[in-house]
Amino acid sequence: EPEVTQTPSHQVTQMGQEVILRCVPISNHLYFYWYRQILGQKVEFLVSFYNNEISEKSEIFDDQFSVERPDGSNFTLKIRSTKLEDSAMYFCASRPGDQSQYFGPGTRLLVL
Amino acid sequence: EDQVTQSPEALRLQEGESSSLNCSYTVSGLRGLFWYRQDPGKGPEFLFTLYSAGEEKEKERLKATLTKKESFLHITAPKPEDSATYLCAGPDTGRRALTFGSGTRLQVQP
Chain A
1 EPEVTQTPSH QVTQMGQEVI LRCVPISNHL YFYWYRQILG QKVEFLVSFY NNEISEKSEI
61 FDDQFSVERP DGSNFTLKIR STKLEDSAMY FCASRPGDQS QYFGPGTRLL VL
Chain B
1001 EDQVTQSPEA LRLQEGESSS LNCSYTVSGL RGLFWYRQDP GKGPEFLFTL YSAGEEKEKE
1061 RLKATLTKKE SFLHITAPKP EDSATYLCAG PDTGRRALTF GSGTRLQVQP
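As they're listed, the protein sequences go chains A and B.
Under our numbering, the letters of the first sequence match residues 1 to 112, in that order.
Under our numbering, the letters of the second sequence match residues 1001 to 1110, in that order.
Bound-form chain B, shown alone:
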């Protein structure tokens, strides 16, 4: 069964304290690994797609990287407005629908 596992479940950082979120996946024939941000009561907001090991993408304070077995979302010098749940997802084997992880709830304190 295809699975996407995220860790930690929750992370509390001080403003400016950099850290990384992890996403490990067991999807055979990976056809993309996706990162989303979700604010409470809102829909997932697309951040990045990664397709091959070694690929990196950046957006403001966020950088996503991909290896053969896992992906990391690095947050550099976070601000309180980066507080949200970060979701990782991958397409199911044999179909294009996304399987989501449980997310990492990030709280950045001023």
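Looking at chain A on its own, in the form it has when it is part of the complex:
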């Protein structure tokens, strides 16, 4: 069964460093998302991407964040200058034309 994959599974970085989180959505899905989950808290929406551009973003997704689909399969989230409060699990999700979103296993980001 096709699934969303994410790399790396864990990332430790120093405050102020740039990180890139990578995702391979399910092929033939049209919509792509990034969510995050701070330890013990709800899953929160960051950004959605459709037709090679951002379609929606939350208040969390400020100028430090960017997304890209550099080729036909990868979908990346970049955090330009990480802060301590960026430590969280980051989930990529994709969906076909209907509403059901399928999530990847996540990248655990720890900012020191």
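Hints listed in this document are in silico derivations from the structure and should not be mistaken for laboratory results.
Okay, the calculated beta carbon distance ranges per label pair:
(1) B:S1024 to A:Y50: 23 to 31 angstroms
(2) B:F1046 to A:S55: 15 to 23 angstroms
(3) A:S73 to B:E1045: 20 to 28 angstroms
(4) A:S55 to B:A1053: 25 to 33 angstroms
(5) B:S1083 to A:T5: 22 to 30 angstroms
(6) A:L30 to B:T1076: 29 to 37 angstroms
Once the Cα atoms are required to be at most 27 angstroms apart in a straight line, the calculated DSS-like pairs of lysine-lysine come out as:
(7) A:K42 to B:K1042
(8) A:K42 to B:K1068
(9) B:K1069 to A:K42
(10) A:K83 to B:K1042
(11) B:K1042 to B:K1057
(12) A:K42 to B:K1079
(13) A:K57 to B:K1042
Covered by chain B, according to a simulated footprint, are these stretches of chain A (three or more residues, beta-carbon under 8 angstroms):
(14) 43–53
(15) 95–101
(16) 104–110
Where is the CB? At the ideal position from N, CA and C, for every residue including glycine.
For chain A, the structure is supplied; the task is to place chain B on it using the hints.
Chain B in isolation, oriented as in the chain A frame:
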């Protein structure tokens, strides 16, 4: 503000003891109500989508139902492997991103 509220926060059951989890939502113009299962340290695993009041969907020991104001996830004769956090989510008004509830942590003891 669109909100999804789940109860109880935590539930401990004995193996075979059936129960229900609740999700209430205040999303105007609901365009789908979603149930996910999340194991510790893992991503949410899609279970069900419900679109209209009266709709029901089943998968093994799980059955999801939807009314105009809330959804229930019924667990029949649960097994220890059903232990997980169950998340409810709905699309935000005006956009397709999901708003998640805080989840119900289910523990099924043998």
